[in-house]
Amino acid sequence: MNRINSEPLWIKPVLLIFTIAFMGVFIFIPLISIFIQAFDSGVGAYFKALSNPDIFAAIRLTLVTALVCVPINTFFGVLLAWAITKFNFKGKNILITLIEIPFAISPVIAGLLFIFLFGSFGWFGHWLMAHNVKIVFAVPGIFIATAFVTFPFVARELIPLMQEMGKDDEEAAMTLGANGLQTFFRITLPNIKWGLLYGVVLTNARAMGEFGAVAVVSGLIRGVTTTMPLYIDILYGEYLFRAAFAVASLLTLLALVTLIAKTIIEHFIAEQRKSAEV
784 MNRINSEPLW IKPVLLIFTI AFMGVFIFIP LISIFIQAFD SGVGAYFKAL SNPDIFAAIR
844 LTLVTALVCV PINTFFGVLL AWAITKFNFK GKNILITLIE IPFAISPVIA GLLFIFLFGS
904 FGWFGHWLMA HNVKIVFAVP GIFIATAFVT FPFVARELIP LMQEMGKDDE EAAMTLGANG
964 LQTFFRITLP NIKWGLLYGV VLTNARAMGE FGAVAVVSGL IRGVTTTMPL YIDILYGEYL
1024 FRAAFAVASL LTLLALVTLI AKTIIEHFIA EQRKSAEV
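Just so we're aligned, residue 784 is where the sequence shown starts under this note's numbering, counting upward by one.
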(Lines of atoms letter the chains of each structure in order from A and count residues from 1; the text may use other names and numbers.)
(Lines give C-alpha, C1' and ligand atoms only; values in the text may rest on other atoms or scores of the structure.)
Protein backbone atom coordinates (compact mmCIF):
# COMPACT_ATOMS: atom_id res chain seq x y z
CA MET A 1 0.00 0.00 0.00
CA ASN A 2 2.82 2.39 0.89
CA ARG A 3 4.59 1.38 -2.34
CA ILE A 4 1.54 2.37 -4.40
CA ASN A 5 1.11 5.74 -2.68
CA SER A 6 4.81 6.63 -2.60
CA GLU A 7 5.95 9.26 -5.10
CA PRO A 8 8.49 8.39 -7.84
CA LEU A 9 12.12 8.80 -6.84
CA TRP A 10 12.77 11.36 -9.58
CA ILE A 11 10.13 13.83 -8.31
CA LYS A 12 12.19 15.27 -5.45
CA PRO A 13 15.42 16.04 -7.38
CA VAL A 14 13.48 17.44 -10.36
CA LEU A 15 11.44 19.77 -8.14
CA LEU A 16 14.57 20.90 -6.32
CA ILE A 17 16.38 21.61 -9.60
CA PHE A 18 13.45 23.61 -10.98
CA THR A 19 13.08 25.52 -7.69
CA ILE A 20 16.78 26.41 -7.49
CA ALA A 21 16.84 27.36 -11.17
CA PHE A 22 13.78 29.57 -10.78
CA MET A 23 15.18 31.30 -7.69
CA GLY A 24 18.52 31.76 -9.39
CA VAL A 25 17.03 33.40 -12.48
CA PHE A 26 14.43 35.56 -10.76
CA ILE A 27 16.03 36.30 -7.35
CA PHE A 28 19.75 35.60 -6.95
CA ILE A 29 21.03 36.77 -10.34
CA PRO A 30 19.08 40.09 -10.23
CA LEU A 31 20.28 40.74 -6.66
CA ILE A 32 23.90 40.02 -7.53
CA SER A 33 23.68 42.12 -10.70
CA ILE A 34 22.50 45.13 -8.68
CA PHE A 35 25.67 45.09 -6.58
CA ILE A 36 27.88 44.33 -9.59
CA GLN A 37 26.48 47.32 -11.48
CA ALA A 38 26.70 49.53 -8.38
CA PHE A 39 30.41 48.81 -7.86
CA ASP A 40 31.27 48.52 -11.56
CA SER A 41 33.27 51.79 -11.52
CA GLY A 42 34.92 51.14 -8.16
CA VAL A 43 34.24 51.79 -4.51
CA GLY A 44 35.24 55.46 -4.81
CA ALA A 45 32.72 56.12 -7.57
CA TYR A 46 30.07 54.26 -5.56
CA PHE A 47 30.42 56.45 -2.48
CA LYS A 48 30.77 59.56 -4.64
CA ALA A 49 27.38 58.77 -6.20
CA LEU A 50 25.81 58.31 -2.77
CA SER A 51 27.27 61.61 -1.54
CA ASN A 52 25.06 63.57 -3.93
CA PRO A 53 22.87 65.92 -1.82
CA ASP A 54 19.64 64.85 -3.54
CA ILE A 55 20.43 61.17 -3.00
CA PHE A 56 21.29 61.82 0.63
CA ALA A 57 17.97 63.68 1.01
CA ALA A 58 16.13 60.69 -0.52
CA ILE A 59 17.84 58.28 1.88
CA ARG A 60 17.04 60.52 4.84
CA LEU A 61 13.38 60.92 3.83
CA THR A 62 13.00 57.15 3.40
CA LEU A 63 14.36 56.49 6.89
CA VAL A 64 12.32 59.31 8.47
CA THR A 65 9.16 58.02 6.78
CA ALA A 66 9.76 54.57 8.25
CA LEU A 67 10.50 56.07 11.68
CA VAL A 68 7.20 57.97 11.59
CA CYS A 69 4.89 55.36 10.07
CA VAL A 70 6.10 52.20 11.81
CA PRO A 71 5.36 53.38 15.40
CA ILE A 72 1.98 54.80 14.36
CA ASN A 73 0.89 51.57 12.66
CA THR A 74 2.31 49.50 15.51
CA PHE A 75 0.24 51.43 18.06
CA PHE A 76 -3.01 51.29 16.11
CA GLY A 77 -2.36 47.71 14.99
CA VAL A 78 -2.11 46.58 18.62
CA LEU A 79 -5.27 48.51 19.52
CA LEU A 80 -7.20 46.94 16.63
CA ALA A 81 -5.99 43.44 17.41
CA TRP A 82 -6.88 43.91 21.08
CA ALA A 83 -10.37 45.20 20.26
CA ILE A 84 -11.12 42.46 17.75
CA THR A 85 -9.83 39.53 19.80
CA LYS A 86 -10.90 40.55 23.32
CA PHE A 87 -14.36 42.04 22.72
CA ASN A 88 -17.54 41.13 20.88
CA PHE A 89 -19.42 43.96 19.17
CA LYS A 90 -21.63 44.64 16.17
CA GLY A 91 -19.72 45.25 12.97
CA LYS A 92 -16.71 43.21 14.07
CA ASN A 93 -16.51 41.31 10.80
CA ILE A 94 -16.84 44.56 8.85
CA LEU A 95 -13.92 46.01 10.81
CA ILE A 96 -11.79 42.96 10.03
CA THR A 97 -12.63 43.39 6.34
CA LEU A 98 -11.78 47.09 6.40
CA ILE A 99 -8.29 46.27 7.69
CA GLU A 100 -7.63 44.51 4.37
CA ILE A 101 -8.54 47.52 2.21
CA PRO A 102 -4.93 48.74 1.74
CA PHE A 103 -4.10 45.29 0.33
CA ALA A 104 -7.21 45.15 -1.86
CA ILE A 105 -6.71 48.39 -3.77
CA SER A 106 -3.78 49.49 -5.89
CA PRO A 107 -1.27 51.79 -4.15
CA VAL A 108 -1.69 54.22 -7.06
CA ILE A 109 -5.42 54.39 -6.36
CA ALA A 110 -4.62 54.99 -2.69
CA GLY A 111 -2.42 57.92 -3.69
CA LEU A 112 -5.19 59.35 -5.86
CA LEU A 113 -7.62 59.09 -2.93
CA PHE A 114 -5.39 61.40 -0.90
CA ILE A 115 -5.12 63.79 -3.85
CA PHE A 116 -8.93 63.93 -3.93
CA LEU A 117 -9.02 64.54 -0.19
CA PHE A 118 -6.13 66.94 0.38
CA GLY A 119 -5.31 68.35 -3.06
CA SER A 120 -6.09 71.96 -3.99
CA PHE A 121 -9.41 70.87 -5.51
CA GLY A 122 -10.08 68.10 -2.97
CA TRP A 123 -12.63 67.92 -0.19
CA PHE A 124 -10.35 69.64 2.32
CA GLY A 125 -8.23 71.49 -0.22
CA HIS A 126 -9.73 74.96 0.20
CA TRP A 127 -9.52 74.83 3.99
CA LEU A 128 -5.93 73.63 3.87
CA MET A 129 -4.93 76.33 1.41
CA ALA A 130 -6.68 79.00 3.50
CA HIS A 131 -4.66 77.92 6.56
CA ASN A 132 -1.42 77.50 4.57
CA VAL A 133 -1.26 73.75 5.29
CA LYS A 134 0.31 71.62 2.59
CA ILE A 135 -0.17 67.84 2.60
CA VAL A 136 0.01 66.52 -0.96
CA PHE A 137 3.20 67.27 -2.89
CA ALA A 138 4.86 67.65 0.49
CA VAL A 139 6.36 65.42 3.16
CA PRO A 140 3.10 65.00 5.19
CA GLY A 141 1.44 63.42 2.14
CA ILE A 142 4.27 60.87 1.94
CA PHE A 143 3.77 60.01 5.61
CA ILE A 144 0.01 59.59 5.18
CA ALA A 145 0.26 57.51 1.99
CA THR A 146 2.92 55.25 3.48
CA ALA A 147 1.00 54.83 6.72
CA PHE A 148 -2.08 53.82 4.71
CA VAL A 149 -0.41 51.12 2.62
CA THR A 150 1.49 49.69 5.62
CA PHE A 151 -1.42 49.84 8.03
CA PRO A 152 -2.58 46.17 7.99
CA PHE A 153 0.69 44.35 8.71
CA VAL A 154 0.83 44.56 12.51
CA ALA A 155 -2.89 43.92 12.99
CA ARG A 156 -2.85 40.96 10.58
CA GLU A 157 0.01 39.32 12.46
CA LEU A 158 -1.45 39.89 15.91
CA ILE A 159 -5.13 39.01 15.37
CA PRO A 160 -4.65 35.24 14.72
CA LEU A 161 -1.94 35.05 17.39
CA MET A 162 -4.13 36.69 20.05
CA GLN A 163 -7.11 34.57 19.01
CA GLU A 164 -4.97 31.47 19.50
CA MET A 165 -3.89 32.69 22.94
CA GLY A 166 -7.44 33.16 24.15
CA LYS A 167 -8.46 35.20 27.19
CA ASP A 168 -7.64 32.85 30.06
CA ASP A 169 -4.37 34.48 31.14
CA GLU A 170 -5.80 38.01 31.05
CA GLU A 171 -8.92 36.98 32.97
CA ALA A 172 -6.79 35.24 35.59
CA ALA A 173 -4.65 38.36 36.02
CA MET A 174 -7.71 40.59 36.42
CA THR A 175 -9.18 38.15 38.93
CA LEU A 176 -6.01 38.59 40.98
CA GLY A 177 -6.46 42.36 40.94
CA ALA A 178 -4.47 43.57 37.93
CA ASN A 179 -5.88 46.50 35.97
CA GLY A 180 -6.03 46.74 32.19
CA LEU A 181 -2.57 48.28 31.68
CA GLN A 182 -0.89 45.86 34.06
CA THR A 183 -2.55 42.94 32.31
CA PHE A 184 -1.41 44.19 28.90
CA PHE A 185 2.22 44.90 29.81
CA ARG A 186 2.77 41.88 32.07
CA ILE A 187 0.66 39.22 30.36
CA THR A 188 -0.38 40.10 26.81
CA LEU A 189 2.71 41.91 25.54
CA PRO A 190 5.23 39.20 26.55
CA ASN A 191 3.03 36.60 24.83
CA ILE A 192 2.73 38.55 21.56
CA LYS A 193 6.19 40.13 21.42
CA TRP A 194 7.56 37.99 18.58
CA GLY A 195 4.42 38.33 16.48
CA LEU A 196 4.48 42.07 17.13
CA LEU A 197 8.12 42.33 16.06
CA TYR A 198 7.32 40.30 12.94
CA GLY A 199 4.58 42.77 12.00
CA VAL A 200 6.90 45.70 12.71
CA VAL A 201 9.58 44.24 10.43
CA LEU A 202 7.09 43.75 7.59
CA THR A 203 5.74 47.27 8.09
CA ASN A 204 9.23 48.72 7.98
CA ALA A 205 10.12 46.80 4.81
CA ARG A 206 7.01 48.03 3.00
CA ALA A 207 7.47 51.60 4.25
CA MET A 208 11.00 51.81 2.86
CA GLY A 209 10.12 50.18 -0.46
CA GLU A 210 6.74 51.78 -1.22
CA PHE A 211 6.55 53.38 -4.66
CA GLY A 212 3.03 53.68 -6.11
CA ALA A 213 1.11 55.65 -3.48
CA VAL A 214 4.12 57.81 -2.61
CA ALA A 215 4.79 58.62 -6.28
CA VAL A 216 1.28 60.02 -6.69
CA VAL A 217 1.27 62.29 -3.62
CA SER A 218 4.93 63.35 -3.61
CA GLY A 219 5.12 65.58 -6.67
CA LEU A 220 8.65 64.21 -7.26
CA ILE A 221 10.37 67.33 -5.95
CA ARG A 222 14.10 66.55 -5.87
CA GLY A 223 15.67 66.80 -2.47
CA VAL A 224 12.28 67.37 -0.82
CA THR A 225 9.69 64.68 -1.60
CA THR A 226 11.68 61.93 -3.34
CA THR A 227 12.22 58.74 -1.36
CA MET A 228 14.80 56.17 -2.41
CA PRO A 229 12.48 54.14 -4.70
CA LEU A 230 11.28 57.33 -6.40
CA TYR A 231 14.77 58.69 -6.87
CA ILE A 232 16.00 55.39 -8.31
CA ASP A 233 13.29 55.70 -10.97
CA ILE A 234 14.28 59.32 -11.67
CA LEU A 235 17.97 58.49 -12.01
CA TYR A 236 17.30 55.50 -14.25
CA GLY A 237 14.98 57.58 -16.44
CA GLU A 238 17.79 60.12 -16.88
CA TYR A 239 20.26 57.36 -17.83
CA LEU A 240 22.33 57.93 -14.69
CA PHE A 241 22.76 54.21 -14.26
CA ARG A 242 25.72 54.30 -11.86
CA ALA A 243 23.88 56.49 -9.35
CA ALA A 244 20.63 54.54 -9.84
CA PHE A 245 22.29 51.21 -9.07
CA ALA A 246 24.17 52.73 -6.12
CA VAL A 247 20.91 53.80 -4.48
CA ALA A 248 19.26 50.51 -5.49
CA SER A 249 22.07 48.54 -3.83
CA LEU A 250 21.61 50.48 -0.60
CA LEU A 251 17.85 49.89 -0.64
CA THR A 252 18.47 46.21 -1.42
CA LEU A 253 20.88 45.98 1.50
CA LEU A 254 18.22 47.41 3.82
CA ALA A 255 15.76 44.85 2.45
CA LEU A 256 18.21 42.00 3.08
CA VAL A 257 18.75 43.17 6.66
CA THR A 258 14.97 43.20 7.07
CA LEU A 259 14.77 39.68 5.62
CA ILE A 260 17.40 38.41 8.08
CA ALA A 261 15.50 40.01 10.98
CA LYS A 262 12.28 38.42 9.69
CA THR A 263 13.93 34.98 9.56
CA ILE A 264 15.29 35.30 13.11
CA ILE A 265 11.90 36.38 14.44
CA GLU A 266 10.18 33.47 12.63
CA HIS A 267 12.58 31.12 14.43
CA PHE A 268 11.66 32.55 17.82
CA ILE A 269 7.94 32.39 16.97
CA ALA A 270 8.31 28.70 16.09
CA GLU A 271 10.19 28.06 19.33
CA GLN A 272 7.53 29.88 21.32
CA ARG A 273 4.78 27.76 19.77
CA LYS A 274 6.71 24.56 20.47
CA SER A 275 7.15 25.50 24.13
CA ALA A 276 3.45 26.36 24.36
CA GLU A 277 2.48 22.93 23.02
CA VAL A 278 4.66 21.08 25.54
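Any given hint could turn out to be false.
[Said to hold, decoys possible] Here are the simulated DSS-like pairs of lysine-lysine, each with C-alpha atoms no more than 25 angstroms apart in a straight line:
#1 Lys869 x Lys917
#2 Lys875 x Lys795
#3 Lys795 x Lys869
#4 Lys950 x Lys795
#5 Lys950 x Lys869
#6 Lys1057 x Lys976
#7 Lys1057 x Lys869
#8 Lys873 x Lys976
#9 Lys1045 x Lys1057
#10 Lys950 x Lys917
[Said to hold, decoys possible] Label pairs and their in silico Cβ distance ranges:
#11 Val847 x Leu792: 24 to 34 angstroms
#12 Trp910 x Leu862: 43 to 53 angstroms
#13 Val1040 x Phe859: 46 to 56 angstroms
#14 Val1007 x Phe830: 16 to 26 angstroms
#15 Ala913 x Ile1043: 18 to 28 angstroms
#16 Phe818 x Leu959: 18 to 28 angstroms
#17 Ser824 x Leu878: 51 to 61 angstroms
#18 Val916 x Gln820: 35 to 45 angstroms
#19 Pro813 x Lys1045: 30 to 40 angstroms
#20 Val1007 x Lys1045: 25 to 35 angstroms
Keep in mind the hints are simulated off the structure, nothing from the lab. Remember, predicted model here, so these are calculated numbers, not experimental data. Glycine included, every Cβ here is placed at the ideal spot set by N, Cα and C.
Self-check item: Ascending list of hint numbers which this structure does not respect
Solution: 1, 2, 3, 4, 8, 10, 11, 12, 13, 15, 16 and 19
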